[in-house]
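Student: Residue strings, one per chain:
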Amino acid sequence: MIQALAFLREFNLASTVLRLLLAMIGGGLVGYGRSKKQRAAGLRTYTLICIGSALSVMISLYLYEMLHGPWLATVEAVGEKFDASRIAAQTISGIGFLGAGIIFKVAHGQVSGLTTATGLFAVVCIGIAAGAGFYECVILAIIIVILVLNVMSPLESRFKRTVRNINLYVEFASVDDIGTIADRIRDMDAQIFEIDIERTERTENLFPSAVFNLKLSKENHSHSAMLSSVAEMPCVHSVQELIS
Amino acid sequence: MLPLYGPLRDLNLLSVVLRMLLSCACGTLVGLERSAKNRPAGFRTHTLVCMGAAVAALTGLYLYLGPGLPADITRISAQVISGLGFIGAGTIIVTKKMDIKGLTTAAGLWVTGIIGLAIGSGYYEGGIIGTGLILVTETWLGTLSSRIQKRPLFILRVHYREKTSLDQVLRTCKDAKMNIVNLQIRMVNGGEEPLYRADITLRGTTKPGVLLSKVEHMPGIEAAAEM
Chain A
0 MIQALAFLRE FNLASTVLRL LLAMIGGGLV GYGRSKKQRA AGLRTYTLIC
50 IGSALSVMIS LYLYEMLHGP WLATVEAVGE KFDASRIAAQ TISGIGFLGA
100 GIIFKVAHGQ VSGLTTATGL FAVVCIGIAA GAGFYECVIL AIIIVILVLN
150 VMSPLESRFK RTVRNINLYV EFASVDDIGT IADRIRDMDA QIFEIDIERT
200 ERTENLFPSA VFNLKLSKEN HSHSAMLSSV AEMPCVHSVQ ELIS
Chain B
0 MLPLYGPLRD LNLLSVVLRM LLSCACGTLV GLERSAKNRP AGFRTHTLVC
50 MGAAVAALTG LYLYLGPGLP ADITRISAQV ISGLGFIGAG TIIVTKKMDI
100 KGLTTAAGLW VTGIIGLAIG SGYYEGGIIG TGLILVTETW LGTLSSRIQK
150 RPLFILRVHY REKTSLDQVL RTCKDAKMNI VNLQIRMVNG GEEPLYRADI
200 TLRGTTKPGV LLSKVEHMPG IEAAAEM
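For the record, the sequence lines run as chains A and B.
Here the first sequence stands for residues 0 to 243, numbered as in numbering that gives the first Met the number 0.
Here the second sequence stands for residues 0 to 226, numbered as in numbering that gives the first Met the number 0.
Honestly, the hints are just simulated from the structure, not real lab data.
C-beta: ideal position from N, C-alpha, C; glycine also.
Certain hints may be false.
Unchecked claim - Each pair of labels, with its calculated beta carbon distance range: (1) A:K217 to B:W139: 52 to 60 Å; (2) A:K80 to B:K100: 36 to 44 Å; (3) B:S212 to A:A181: 36 to 44 Å; (4) B:E225 to A:A5: 51 to 59 Å; (5) B:M226 to A:I143: 33 to 41 Å; (6) A:C234 to B:P218: 26 to 34 Å; (7) B:T58 to A:H67: 15 to 23 Å; (8) A:A5 to B:G5: 23 to 31 Å; (9) A:K217 to B:A175: 27 to 35 Å; (10) B:T138 to A:S173: 52 to 60 Å; (11) A:E155 to B:N37: 35 to 43 Å; (12) A:S156 to B:W139: 31 to 39 Å; (13) B:W139 to A:E193: 46 to 54 Å; (14) B:N11 to A:V110: 50 to 58 Å.
Next comes chain A alone, as it looks inside the complex (with noise of 0.2 Å):
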């Protein structure tokens, strides 16, 4: 750990200050990616929340500092029940909460929002670290977050297109034609392990429809080349791949 720090670390006007304004910093820096990327977490909100948990964390600190100093009297009188990092461990609760409100399910069984919650919820670990004074492990926390929502995001797009794993949500005319769009996905030496139908009756402008759960072959696993031979077929409506 790094001496010159010392000063810093004990709890005082000049950490109080540096430690807010670290966590204000590593929460723009975080929120600014995803601001980039418009999601509904941006600068403002992770700002925000950062800022919150560091000061969550140094008002224990300050409770500690009074109850070994003015408040001696009534520590050693009634005795000491204080947890300096009760206050810090609700913050991750309450922003479980607020995670929760952001996860929302969409069409065909697929969710959204989760990388925004779990964002938050690592936000706010950076910020009480930052209000522990614990600045090695923000600024490396900082930096790892990053990469990981900014350089990490299109690396496990690249790869989602190549894995072999695949989800085709598929329209057709009717549920006979189940049959036929299986042996049209096998054809392709593709193999099915699951076919969810999700309507079986054809009611206004909507189709029978049925998610198969596939896995590509080794020699042919574009996923375009699956969706657009299935497109091909007459009976079936629409394709589209399903990725979370």
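We have chain A already, so just place chain B on it with the hints.
Tutor: Chain B alone, transformed into the frame defined by chain A:
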């Protein structure tokens, strides 16, 4: 820093009055910005949250310092934070367009509660500096965040007859360093010469117009448009 041994750090009538008034002031300051933007939670909501949190923190202190009960002075404060998480979750709305609204409001309420806790605990410096930083974030960073060059998703819609044409379009997208987020193919016309419509969801740095002009004149593409 104020001296740790001051009358305002202790629990007495003066400090209780000061903390409650100060927390109201801080809550109102943060809330005014939200009110000015006509958000669901205005300055009254923020004032209530901040003052309530201060009362909770003061009560925690009082139980220990006043009657001398064996209480943990932080337990009540801690639960305020998770309680506000619940309220915040209620302000978040998912619209029909699958957009999330109210998240900044939720975050703002949550952090205002923590400001209230700091002031109620007697940690005036933290509360006041925190309020300052929140105001900077909500006003200055707000304008900054609307200036950030966003890279939103867009949907490229192409009509084609042969699937090789679609392959070419997809290759062009990849060559332009665009990330294909989703692909949906729909049959528009059946019969002898079927016509298909592909909706390609893309994200990346290339402008939709640039990509469109490349794709438009490709052989086999009947029509192309940005949705």
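Student: Go through the numbered hints given earlier and state which of them the structure violates, listing their numbers in rising order.
Tutor: Checked against the structure, no hint fails, so every one of them is satisfied.
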